[in-house]
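Enquirer: Sequences are here, hints too, so could you generate the full structure?
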Amino acid sequence: EFGGQKMELTDDCPSLYERFHFNDVNSCNVMDGHWIFYEHPHYRGRQYLMRPGEYRRFHEWGGVSPRVGSIKRITM
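Everything in the sequence shown is counted per the working numbering, starting at -8 for the first residue and increasing by one.
In case anyone wonders, no lab produced these hints; they're calculated from the structure. What you were told as hints is all true, and nothing was included just to trick you.
Label pairs and their calculated CB-CB ranges:
1) 35 <-> 13: 14 to 22 angstroms
2) 67 <-> 13: 28 to 36 angstroms
3) -5 <-> 67: 27 to 35 angstroms
4) 67 <-> -6: 31 to 39 angstroms
5) 3 <-> 57: 15 to 23 angstroms
Quick reminder that beta carbons are idealized off the backbone N, C-alpha and C, glycines included.
Expert: What follows is the structure, encoded as structure tokens:
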């Protein structure tokens, strides 16, 4: 619940592990815009739409595990 390592993104990230050396996201605070969390790197696997707000546990965004491989910002 908002503890542990912190990362901040303002642009797309094709591989969380390559950039931050971890890929488990247990909580998230989306401050601006809409994002898609992907289960695997390079925008593959299950997709989770993230709207602005606080997600205290991964199941709050519908995740089956905390594993997030990549993240992409939705631009309109």
